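Chains as they are written, first to last, in the numbering used here: chain A, 463 to 579; chain B, 12 to 126.
Bear in mind the hints are in silico, worked out from the structure with no lab data behind them.
As the structure is a computational prediction, the values presented were derived from the model and not from experiment.
Idealized CB from N, CA, C, for every residue including glycine.
Among the clues, some could well be false.
Said to hold, decoys possible - So the derived list for chain A, only partly shown, Cβ under 7 Å to chain B, looks like this: (1) G505; (2) M545; (3) F569; (4) T571.
To be verified - So the derived list for chain B, only partly shown, Cβ under 10 Å to chain A, looks like this: (5) V15; (6) T18; (7) Q22; (8) E29; (9) V54; (10) D82; (11) L115.
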Amino acid sequence: AQSVTQLDSHVSVSEGTPVLLRCNYSSSYSPSLFWYVQHPNKGLQLLLKYTSAATLVKGINGFEAEFKKSETSFHLTKPSAHMSDAAEYFCVVRTDILTGGGNKLTFGTGTQLKVEL
Amino acid sequence: EPEVTQTPSHQVTQMGQEVILRCVPISNHLYFYWYRQILGQKVEFLVSFYNNEISEKSEIFDDQFSVERPDGSNFTLKIRSTKLEDSAMYFCASSETRTSAGELFFGEGSRLTVL
Numbered sequence: 463a464q465s466v467t468q469l470d471s472h473v474s475v476s477e478g479t480p481v482l483l484r485c486n487y488s489s490s491y492s493p494s495l496f497w498y499v500q501h502p503n504k505g506l507q508l509l510l511k512y513t514s515a516a517t518l519v520k521g522i523n524g525f526e527a528e529f530k531k532s533e534t535s536f537h538l539t540k541p542s543a544h545m546s547d548a549a550e551y552f553c554v555v556r557t558d559i560l561t562g563g564g565n566k567l568t569f570g571t572g573t574q575l576k577v578e579l
Numbered sequence: 012e013p014e015v016t017q018t019p020s021h022q023v024t025q026m027g028q029e030v031i032l033r034c035v036p037i038s039n040h041l042y043f044y045w046y047r048q049i050l051g052q053k054v055e056f057l058v059s060f061y062n063n064e065i066s067e068k069s070e071i072f073d074d075q076f077s078v079e080r081p082d083g084s085n086f087t088l089k090i091r092s093t094k095l096e097d098s099a100m101y102f103c104a105s106s107e108t109r110t111s112a113g114e115l116f117f118g119e120g121s122r123l124t125v126l
């Protein structure tokens, strides 16, 4: 069975400082991993995805994540936080159907990012 | 930019009533999904739909739930007899393909409140 664990339910940073949102995954097969963001009263927007290509993945709005198989981690980072980054972030795993997995997404519990002046 | 649209944005209903949540997926997408998020809990998969039939469903998706694509554009989720525990935000999503390269595009959600 596949799952993701987001280690922090809330993260608070100052504007202009780095962001680190942590995620560990568990999957029996080669996983596809995603980070989604949800701004208040908005839908879920894809930030970036890992699908067994380059392990360092760049996404929108300056975010990036690194897939580390040895650590089963897929942490999300950004060098410099902006006020507009304040939102809830979800780490998501989908088992690759080509290796026998399903097609559904399994979400983490989310990390609420607060950005202060 | 194409987007998934959902209606209504918020619905309040009495326990035992039927509810239909509507979604218009992105026009060239072939795979459709419903997810839900109970307040304070994880986003959970409900069902996926392709070629006019359910391709996968979770244990949550019991006989009270059904999905339909009644015409070429709408994708609906029906809850036949709502329960208090059905109160949640329901997200519709669509994708062009099923492969790992296929991104799911989500709508803004329909908040269902069952009284």
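- Task: Return the status of the interface hint for Q22 (chain B): holds when the least beta-carbon distance to chain A is below 10 Å, violated otherwise.
- Result: violated (16 Å)
- Query: Against chain B, is M545 (chain A) within 7 Å by beta-carbon distance?
  - Reply: violated (22 Å)
- Message: Take the shortest C-beta to C-beta distance between V15 (chain B) and chain A; is it under 10 Å?
- Response: holds (7 Å)
- Query: Can T18 (chain B) be said to touch chain A, with a Cβ gap under 10 Å?
  - Reply: Nearest chain A Cβ about 13 Å off; hint violated.
- Message: D82 (chain B) was flagged as interface toward chain A. Is the shortest Cβ-Cβ separation under 10 Å?
- Response: violated (23 Å)
- Have a go at the T571 (chain A) hint: is there a Cβ in chain B nearer than 7 Å to its own Cβ? holds (5 Å)
- Tell me if G505 (chain A) is really an interface residue toward chain B, meaning its C-beta lies closer than 7 Å to one of theirs. With a closest approach of 4 Å, the G505 (chain A) hint holds.
- Item | Supplied contact hint for V54 (chain B), tested at 10 Å Cβ to chain A | Hint on V54 (chain B): holds, closest Cβ of chain A at ~4 Å, below 10 Å.
- Query: Do the numbers back the hint for L115 (chain B), that is, is its least Cβ distance to chain A under 10 Å?
  - Reply: holds (7 Å)
- Message: E29 (chain B) was flagged as interface toward chain A. Is the shortest Cβ-Cβ separation under 10 Å?
- Response: Violated. Min distance 25 Å.
- Item | Supplied contact hint for F569 (chain A), tested at 7 Å Cβ to chain B | holds (4 Å)
The earlier numbered hints that this structure contradicts are 2, 6, 7, 8, 10.
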